[in-house]
Amino acid sequence: MLMLIGFGVVSILFYIAKEHLPKKPEQIIPHLKKGKLIYKDSTAKFYFSSLNYKIRAKPDFIYKVDEEYILVEYKSRKGNVNASDIAQVVASALAVKETYPRLVTAYIYTLGGDIKTINLNKPNHHLASQIKNELDFVRAIETNNPLFFNPQSHKCKACSFKLSCKLMVA
Amino acid sequence: MTIKLCTLCKTEMIVKQGRHGSFWGCINYPKCNYTKNIYYLNKDIPWVSASAIGSAKFCPNTVYLRKQQFKQNNRMKYGRKSHQLASRDTRCYIASYAFHSQHPIVFTLQDWRDQTLLRTRYGKQLVIFYYFISPILIKLFGRCLWFKKLSQYFIAIFVKKILRRPIC
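For the protein sequence lines, the chains are A and B, in the order given. With this note's numbering, the residue at position 75 of the first sequence is 75, and numbering never jumps. With this note's numbering, the residue at position 12 of the second sequence is 12, and numbering never jumps.
Because the hints were derived from the structure by calculation, they are not lab data. Cβ coordinates follow ideal geometry from the N, Cα and C atoms, glycine included. Please note that the accuracy of each hint is not assured.
Only some residues are given here: those of chain A computed to face chain B with a beta carbon under 8 angstroms [what the hints assert, rightly or not]:
hint, residue
1, G6
2, F7
3, G8
4, V9
5, P22
6, E26
7, H31
8, F61
9, G79
10, Q88
11, R139
12, T143
13, N145
14, P151
15, K157
16, C165
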């Protein structure tokens, strides 16, 4: 009886751990199983850089499938894929495209299981136009000329700098 | 300002206006059609990271606050808690039990805790251990007179020897 209870507890713990552990991209996107992993963020000692747009990036994974390159970004939260994740991936794609010009697709997936596919088979200036405002904001901040932005209240609820931001405004 | 040279014909490059915005083009345009992005080789434009662009899409203020080394919410809360513990906490179980809460020895021990112990890692651990063990001791031996006398004696010696200042 005790053995059965122990086995049940262990199996429940194993199930909970399995739900909370990050999954490999191949498990989420079956299309990548026939490809080859050529870049991994945790083991790489360099980052991709775009001389044209002055962007540096370290994407999570890059796969090579049928002479085409696929970028994969993993988010460790349980919610959905946000617009900020897409902007980050587009910026990463601009940096990666200087090394691998045949980068055609990007996948973003979260721990909750949400997957988003982004088509990167476009000219670089089209991709750059998607993140133009953000690029200007970050460049202004880096050159110590910040453009102050009036945040939206629904975003402030989830912001990790909410208290500091209130102090700054006050 | 440095002059940018064309890599093909080694002549000067100038900023031109195109359909998709401005770009660097060779001055000998019909002969040489070499072009470069407007940001290329421009040392005035800083490098940015892809994650900062993602954060800026969420809210540009977060990028600014992170660059200015502002604290995140959870760290601020932790900081506030430690500040409360250091400044407003009036707990001192055994000393309050042995004397009374308004006794000068209690105030001295509270000052020593706030100014010395809570500033070090091991001191914080000692304070946490003291707050864990002292209610248990008082619950077990609180009604014994010998425990009160003994704790008074040892606390007085401790305060005299460790702090090395007279107690009124």
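Restraint: Q88/A near chain B, CB-CB cut 8 angstroms. Satisfied or not? Nearest chain B Cβ about 3 angstroms off; hint holds.
Please verify that hint: V9/A, Cβ, nearest Cβ of chain B, below 8 angstroms or not. At about 30 angstroms, which exceeds the 8 angstroms cut-off, the nearest Cβ of chain B leaves the hint on V9/A violated.
Taking the closest Cβ pair, is N145/A under 8 angstroms from chain B? At 11 angstroms from the nearest chain B Cβ, N145/A fails the 8 angstroms test, so the hint is violated.
G79/A was flagged as interface toward chain B. Is the shortest Cβ-Cβ separation under 8 angstroms? Because about 13 angstroms separates G79/A from the closest Cβ in chain B, which is outside the 8 angstroms limit, the hint is violated.
Would the hint on P22/A be counted as holding, given a Cβ-Cβ threshold of 8 angstroms to chain B? The hint is violated - P22/A has no Cβ within 8 angstroms of chain B, the shortest such distance being about 18 angstroms.
Would the stated hint for C165/A survive a check requiring a Cβ distance to chain B of less than 8 angstroms? holds (6 angstroms)
Taking the closest Cβ pair, is H31/A under 8 angstroms from chain B? violated (23 angstroms)
Closer than 8 angstroms between Cβ atoms is the bar; does E26/A clear it against chain B? Give me holds or violated. violated (23 angstroms)
A closest beta-carbon separation below 8 angstroms is what the hint needs, so does K157/A meet it against chain B? It is violated, given that the least Cβ distance between K157/A and chain B is near 11 angstroms, above 8 angstroms.
Are F61/A and chain B close enough, Cβ to Cβ, to be under 8 angstroms, as the hint says? The hint is violated - F61/A has no Cβ within 8 angstroms of chain B, the shortest such distance being about 14 angstroms.
When the least beta-carbon distance from R139/A to chain B is tested against 8 angstroms, hint result: holds (6 angstroms)
With 8 angstroms as the cut and Cβ atoms as the points, is G6/A at the interface with chain B? violated (32 angstroms)
Going through the hint list in order, the structure does not satisfy hints 1, 2, 3, 4, 5, 6, 7, 8, 9, 13 and 15.
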